[in-house]
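A.B. asks: Sequence:
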Amino acid sequence: MGMNLHAQDFQGKAVYQSKTQVNFDFGNRNIPEDRKKEMMERIKKANEKTFILSFDKTASIYKEEEKLEQPGERGGGRGPRFGAMAGTDGDLYKNIKEQRYLIKNELLGKIFLIDDELETLEWKMGSDSRKIGNYTAFKATATKTIKRPNMSAIFRRPGIGGQDNEEKEKEAEFTIKEVEIVAWYTPEIPINQGPGLYWGLPGLILAVNDDITTIVCSEITMNPSEKMEIKAPSKGKKVSQAEYDEISQEKMKEMRENFRNRGGRGGGRPN
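FYI, in the UniProt record's numbering the residues of the sequence shown are 1 to 271.
Bear in mind the hints are in silico, worked out from the structure with no lab data behind them. Take these hints with a grain of salt, some might be off.
Claimed, not checked - List time: in silico EDC-like cross-link candidates among lysine to aspartate or glutamate, alpha-carbon distance up to 16 Å:
1) K49 / E66
2) K104 / D91
3) K19 / E41
4) K49 / D91
5) K235 / E106
6) K104 / D116
7) K238 / D115
8) K147 / D245
9) K104 / E117
10) K45 / E64
11) K238 / D91
12) K147 / E180
13) K13 / E226
14) K110 / E250
15) K49 / E64
16) K238 / E106
17) K36 / D25
18) K231 / D91
19) K63 / E229
20) K110 / E243
21) K19 / E64
22) K231 / D115
Could you put together the complete structure from these sequences and hints?
C.D. replies: Rendered as structure tokens:
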């Protein structure tokens, strides 16, 4: 490879394509098929993204690449987005040395700074390998408990007569499940980084997937000519991930109530 990775100041940039499959349950609202199709298309588009991971030896920043709106694209493919609700929508800073992550997020015009410990997954190394671009990547798997907002619940109508069972409501807002994570990492770039909150393998993670999201690296630039600044975000109200989740859950509740109060009819489009 001829790369001097032992140099103190090496940097790199990896571009990732991320696709999330969202099964949106329209419940029993009578929406015409073509409208449903259009909504599903928009949700699908909103959940196909490009991210850039800028990294050095100890830290990285993972951020979504801003898409330019295509002419004639209504609302720029805005549909319910998983990240926005799960509190991983801002730039994500991961410091491997300190095993901490920071995310600066805006919620309701307020800036929050999520500051928490990186989760350590118990990776099991496999012997399978595959080529990703010019790199040889090896397989590793781990089990992770994933908590996700349940998009359908936001726009679901309450039960008959509006007498909703509180517990059922709560449970519907999030789904929590154990998921197998499959990652492919390359020892040719010997750093413990990866896309999203993934890290902890003896090489850069080039591809990773859970039950609904697939993230694959499409290009890597080592030591780009332009020096990058990989520094932790510092502005915003400091909260832990759990605190942030609670605040955004409250937010979802409000959204849902507003949606219902508008009658939840086809006319009130969720933006």
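A.B. asks: Work down the list of hints and note, for each, if the structure agrees.
C.D. replies: Verification of the hints:
Using a Cα cut-off of 16 Å, the hinted pair K49 and E66 holds, with the two alpha carbons roughly 9 Å apart. Between K104 and D91, the direct Cα distance comes to roughly 6 Å. Compliance with the 16 Å bound is thereby established for this hinted pair. A threshold of 16 Å between alpha carbons decides the hint, and for K19 with E41 the separation of about 13 Å falls inside it, so the pair holds. A distance of roughly 14 Å separates the Cα atoms of K49 and D91; the hinted pair therefore holds under the 16 Å criterion.
A C-alpha spacing of about 11 Å is found between K235 and E106, which places the hinted pair at or below 16 Å, so the restraint holds. Using a Cα cut-off of 16 Å, the hinted pair K104 and D116 holds, with the two alpha carbons roughly 12 Å apart. At roughly 7 Å between alpha-carbon atoms, K238 and D115 fall within 16 Å of each other, so this suggested pair holds. Proximity of K147 to D245 is assessed by CA-CA distance (about 10 Å); at most 16 Å being required, the pair is judged to hold.
With a CA separation close to 15 Å, the supplied pair K104 and E117 stays within the 16 Å bound. This hinted pair checks out: K45 and E64 have alpha carbons roughly 14 Å apart, not beyond 16 Å. For the hint pairing K238 with D91, the CA-to-CA distance comes to about 15 Å; that is within 16 Å, so the pair holds. For the hint linking K147 to E180, the alpha-carbon distance of about 14 Å falls within 16 Å, and the restraint holds.
Pair hint K13 plus E226 holds up; C-alpha atoms about 11 Å apart against a cutoff of 16 Å. Simply put, K110 and E250 have alpha-carbon atoms about 14 Å apart, close enough for the 16 Å limit, and the pair holds. With a C-alpha separation of about 7 Å, the suggested pairing of K49 with E64 holds against the 16 Å cut-off. For the given pair, K238 sits about 12 Å from E106 by alpha-carbon distance, which is consistent with the 16 Å threshold.
Using a Cα cut-off of 16 Å, the hinted pair K36 and D25 holds, with the two alpha carbons roughly 10 Å apart. The straight-line distance between the Cα atoms of K231 and D91 is roughly 11 Å, inside the 16 Å bound, and the hint therefore holds. Between the alpha carbons of K63 and E229 the distance comes to roughly 13 Å, so the proposed pair stays at or under 16 Å and holds. For the hint linking K110 to E243, the alpha-carbon distance of about 14 Å falls within 16 Å, and the restraint holds.
Our distance criterion of 16 Å between C-alpha atoms is met by K19 and E64, whose separation comes to about 13 Å. This hinted pair checks out: K231 and D115 have alpha carbons roughly 14 Å apart, not beyond 16 Å.
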